[in-house]
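**Q** Below are the chains, spelled out letter by letter.
There are 2 protein chains.
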Amino acid sequence: MLIKNGKVIIFEENDVKVKESDIEVENNIIKKIAKSIEPDINEKIIDATGKVVMPGLINTHAHIAMSIFRGTFEGCNLYTWLNEKIWPIEAKLTKEDVYNASMLSILEMISTGTTCVNDHYFMSEEIRKALEESKLRAMITRVLMDTDGEEASKKRIEEFVDLYESRDETNELITYSVSPHGLYTCSGKLLKEARELAIKYNLPIHTHFLESIDEIEDIKRMHGEEASKVLKKYFSEIHTILAHGVKLNDEDVEILKTMNCSIAHNPISNFRLGCKIADVTKYLQNGINVALGTDGQGSGNNLDMFETMKIAALAQGGIHENEARIDSKEVIKMATINGAKLLGIDKKVGSIEEGKNADIIIVDISKKLDNIKMIPNNDIISNLVYNTEGRNVDTTIVNGEILMENREIKFIKIEEILKRFS
Amino acid sequence: MLIKNGKVIIFEENDVKVKESDIEVENNIIKKIAKSIEPDINEKIIDATGKVVMPGLINTHAHIAMSIFRGTFEGCNLYTWLNEKIWPIEAKLTKEDVYNASMLSILEMISTGTTCVNDHYFMSEEIRKALEESKLRAMITRVLMDTDGEEASKKRIEEFVDLYESRDETNELITYSVSPHGLYTCSGKLLKEARELAIKYNLPIHTHFLESIDEIEDIKRMHGEEASKVLKKYFSEIHTILAHGVKLNDEDVEILKTMNCSIAHNPISNFRLGCKIADVTKYLQNGINVALGTDGQGSGNNLDMFETMKIAALAQGGIHENEARIDSKEVIKMATINGAKLLGIDKKVGSIEEGKNADIIIVDISKKLDNIKMIPNNDIISNLVYNTEGRNVDTTIVNGEILMENREIKFIKIEEILKRFS
Numbered sequence: 003m004l005i006k007n008g009k010v011i012i013f014e015e016n017d018v019k020v021k022e023s024d025i026e027v028e029n030n031i032i033k034k035i036a037k038s039i040e041p042d043i044n045e046k047i048i049d050a051t052g053k054v055v056m057p058g059l060i061n062t063h064a065h066i067a068m069s070i071f072r073g074t075f076e077g078c079n080l081y082t083w084l085n086e087k088i089w090p091i092e093a094k095l096t097k098e099d100v101y102n103a104s105m106l107s108i109l110e111m112i113s114t115g116t117t118c119v120n121d122h123y124f125m126s127e128e129i130r131k132a133l134e135e136s137k138l139r140a141m142i143t144r145v146l147m148d149t150d151g152e153e154a155s156k157k158r159i160e161e162f163v164d165l166y167e168s169r170d171e172t173n174e175l176i177t178y179s180v181s182p183h184g185l186y187t188c189s190g191k192l193l194k195e196a197r198e199l200a201i202k203y204n205l206p207i208h209t210h211f212l213e214s215i216d217e218i219e220d221i222k223r224m225h226g227e228e229a230s231k232v233l234k235k236y237f238s239e240i241h242t243i244l245a246h247g248v249k250l251n252d253e254d255v256e257i258l259k260t261m262n263c264s265i266a267h268n269p270i271s272n273f274r275l276g277c278k279i280a281d282v283t284k285y286l287q288n289g290i291n292v293a294l295g296t297d298g299q300g301s302g303n304n305l306d307m308f309e310t311m312k313i314a315a316l317a318q319g320g321i322h323e324n325e326a327r328i329d330s331k332e333v334i335k336m337a338t339i340n341g342a343k344l345l346g347i348d349k350k351v352g353s354i355e356e357g358k359n360a361d362i363i364i365v366d367i368s369k370k371l372d373n374i375k376m377i378p379n380n381d382i383i384s385n386l387v388y389n390t391e392g393r394n395v396d397t398t399i400v401n402g403e404i405l406m407e408n409r410e411i412k413f414i415k416i417e418e419i420l421k422r423f424s
Numbered sequence: 003m004l005i006k007n008g009k010v011i012i013f014e015e016n017d018v019k020v021k022e023s024d025i026e027v028e029n030n031i032i033k034k035i036a037k038s039i040e041p042d043i044n045e046k047i048i049d050a051t052g053k054v055v056m057p058g059l060i061n062t063h064a065h066i067a068m069s070i071f072r073g074t075f076e077g078c079n080l081y082t083w084l085n086e087k088i089w090p091i092e093a094k095l096t097k098e099d100v101y102n103a104s105m106l107s108i109l110e111m112i113s114t115g116t117t118c119v120n121d122h123y124f125m126s127e128e129i130r131k132a133l134e135e136s137k138l139r140a141m142i143t144r145v146l147m148d149t150d151g152e153e154a155s156k157k158r159i160e161e162f163v164d165l166y167e168s169r170d171e172t173n174e175l176i177t178y179s180v181s182p183h184g185l186y187t188c189s190g191k192l193l194k195e196a197r198e199l200a201i202k203y204n205l206p207i208h209t210h211f212l213e214s215i216d217e218i219e220d221i222k223r224m225h226g227e228e229a230s231k232v233l234k235k236y237f238s239e240i241h242t243i244l245a246h247g248v249k250l251n252d253e254d255v256e257i258l259k260t261m262n263c264s265i266a267h268n269p270i271s272n273f274r275l276g277c278k279i280a281d282v283t284k285y286l287q288n289g290i291n292v293a294l295g296t297d298g299q300g301s302g303n304n305l306d307m308f309e310t311m312k313i314a315a316l317a318q319g320g321i322h323e324n325e326a327r328i329d330s331k332e333v334i335k336m337a338t339i340n341g342a343k344l345l346g347i348d349k350k351v352g353s354i355e356e357g358k359n360a361d362i363i364i365v366d367i368s369k370k371l372d373n374i375k376m377i378p379n380n381d382i383i384s385n386l387v388y389n390t391e392g393r394n395v396d397t398t399i400v401n402g403e404i405l406m407e408n409r410e411i412k413f414i415k416i417e418e419i420l421k422r423f424s
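Line by line, the protein sequences are chains A and B.
421 is the number that our numbering gives to position 419 of the first sequence; each next residue is one higher, with no gaps.
393 is the number that our numbering gives to position 391 of the second sequence; each next residue is one higher, with no gaps.
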């Protein structure tokens, strides 16, 4: 496959550049990036003239089966929302619900430029089935928690083990995490079991961490010490993915710096659930890897990572009156290469580089009424972050395979999925 | 004209409802809202089946000629941005620049559902020309300020008077404000002159007010007392439009409550210029009218009021951890009827009601891949605020005249305008 004449987003040491280039993909690998590459006979050619070619977006924290909760329970804060609204409804979900809702989310992701998602849910065989059919890249799990008795906790662990043990080892697109729900919903015993599973299977930990103000005291009460210390106690040397991390104080930052962890920042969900704004400018300045996520649609509205990029960039001006806050170049990296680092797959994806797997999206920035928010195009990077919407993506490629071309979805029967929803 | 079968957004006493209705427009007036209205012979029929029909959006603070600065000067705070970046460039603008840039913004507004804009700029004959050609509703002005000598200040006042005196009194779409730039850029003498002009011509005042932290001390130094007291001193009983109002303390709120004023809230610009978040939840709770604006594209990125609605709703979760913050119903009103109140035209526009002028937009929410962020459509109001983009608007009507129908612009030669920009 040869992607011709695109404006390619390239990450350099301390910069993000836009370079007019062709990209040759052989099987699933980016073989060559150069000007005027001659196509081989019968090679598939994608004309990207005037379009942006960039690494696929990586959504580092989502619950893709939650698409069915879109538009519900506005105005709740995290605890009310989970305890009174979401958990009671989730208890009634069927496998079919989870499969259908996941398929809907996968359509949303492919059509808005996400090539990889880090999911956090249950009935995950259904989620895996939807992912396998659609050929998206993903990390999945079976969430563990401790809120309804020992029997239920034990069953969750068994379900995780079943999920992991039944994996298809030939499918390199789907990887796994061990996922205690959060420090305020898991006992020390369960955290220790999660740690052992992570070591046994060599998997990362993926957990909610200091999302809301209420957690701070709850964790102290439950575990006898501050959240970061609890985290360090159980997951000290383990690759750990922390969703949210809104409420980190300076001591927390100092502790996280010493750990092998990344933060999945979900600004839209944080706003919507009244959690205020994570100081990701500070985290990045301290060398902590920060990537972006949407959370589920129940709190994050949608899975459009372009919207998340824009709001992540803007939100820092909500807490920083000095000018050191992150800019659009940093945000593009948070949505791509930082996400790959968070998942531990940055040698493989997250940037357009020779030798990496071809997870690539092509974005329509042509001069027309639908793109009026990009005219004049004084700065492509700025426009990508501040004035682009997911539906500007016209082509989505995962591991060298085209999942959408010119807004035509390849492996999913759209009509059949959409008719299952209102 | 008869708009058939739409899902019409209707404001009731303390609620926002969605009602399936037809709307009959006679000349420029909404004559009847009811089910199954029979069309007259030869009546223009617009089929809105499955679409949302809502009041046109009112952008209460913009600088529409600033479209040419889109994507520039990221990371600056207000003072650096104005003093070092924007004002030096603006000094070089030609009339042609202002006309072309305004036309581009008008295209952006019509195609994203804005039917009325409150502009704040100079060379405003050019802006008026563009507005007259395009038939958008607007309030315009010639900004007054006092930063470069008495001669220049005097010339600005003359230009304002020329602009106002040369108005076309038969054109009810274009109204005027008297616009001192801000309390930190206008002397007491100039504020007094602005007051006199406002009284003489019976026009509102439109000024920047407490946008950034630096202003607080500057205003005190310049006028010898706090900003709200200065405001009250000069504009006590005058209809006053305050752009931003980010930095209001409790005393400011108490003073503003006693005045005839509204706040134009521009959350995207405030974020981008490092001004933090205006507590509009509190202002509204105190009975102060708050409407929405985009500011110019240099700080606000674009003029898409759907984006501004979404970010205004979300932003309150950045400062309110309790659940009393504004919701999507409130935000829809801020973008429409509150904007009309701010401009003093709420008897005429801002809601869909029999007897009001027909400023109406029709929004495509049909079930298709481009609208995947709205599926399932559990709540139309929530989807309008959180998951709709300006380009979902398919028809824009101002004063009974169709400016765009099915995304086709009527009175502007798009190609001719676009070719003037990169």
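It should be emphasised that the hints constitute simulated quantities derived from the structure, not laboratory data.
Some clues are possibly wrong.
Since the list gives no way to pick out one identical chain from another, each pair is judged satisfied if it fits inside one copy or across any two copies.
What the hints assert, rightly or not - Dumping the calculated DSS-like pairs for lysine-lysine here, alpha-carbon to alpha-carbon at most 27 Å:
1. K370 to K421
2. K19 to K421
3. K331 to K358
4. K331 to K87
5. K97 to K369
6. K137 to K46
7. K137 to K370
8. K249 to K284
9. K137 to K234
10. K284 to K412
11. K6 to K249
12. K194 to K137
13. K21 to K421
Quantities reported herein were computed from a predicted structural model and do not represent experimental measurements.
**Q** Please work out whether the CA atoms of K21 and K421 approach to 27 Å or closer within one copy, between two copies, in both situations, or in neither?
**A** between (42 Å within a copy, 24 Å between copies)
**Q** With identical chains, the pair K331 and K87 could be close in the same copy or across copies; at 27 Å between alpha carbons, which is it: within, between, both, or neither?
**A** Intra 38 Å, inter 20 Å, cutoff 27 Å: inter-copy only.
**Q** Regarding K137 and K46, is the shortest C-alpha distance of 27 Å or less found within a copy, between copies, in both, or in neither?
**A** within (19 Å within a copy, 48 Å between copies)
**Q** When no copy is named, should K284 and K412 be tagged within, between, both, or neither for a Cα gap of at most 27 Å?
**A** For K284 and K412, neither the intra-copy (41 Å) nor the inter-copy (49 Å) Cα distance is at most 27 Å.
**Q** Can you give me the call for K331 and K358, within, between, both or neither, at a CA distance of at most 27 Å?
**A** within (21 Å within a copy, 47 Å between copies)
**Q** At 27 Å max between alpha carbons, let me know whether K137 reaches K234 within a copy, between copies, both or neither.
**A** neither (35 Å within a copy, 63 Å between copies)
**Q** Between copies, within a copy, both or neither: which fits K137 and K370 at Cα up to 27 Å?
**A** between (32 Å within a copy, 21 Å between copies)
**Q** At most 27 Å between alpha carbons: which applies to K249 and K284, within, between, both or neither?
**A** Classified as both; 12 Å inside a copy, 24 Å across copies.
**Q** State whether the alpha carbon distance between K19 and K421 is at most 27 Å within one copy, between copies, both, or neither.
**A** The answer is between: 26 Å across copies meets 27 Å, while 42 Å in one copy does not.
**Q** Give the relationship of K97 and K369 under a CA distance limit of 27 Å: within one copy only, between copies only, both, or neither.
**A** This pair counts as between: shortest inter-copy Cα distance 24 Å, intra-copy 44 Å.
**Q** When Cα atoms must be at most 27 Å apart, do K6 and K249 count as within-copy, between-copy, both, or neither?
**A** Neither way: K6 and K249 sit 45 Å apart in one copy and 50 Å across, limit 27 Å.
**Q** Can you give me the call for K370 and K421, within, between, both or neither, at a CA distance of at most 27 Å?
**A** The answer is between: 10 Å across copies meets 27 Å, while 31 Å in one copy does not.
Consistency note: the structure conflicts with the earlier hints numbered 9, 10, 11 and 12.
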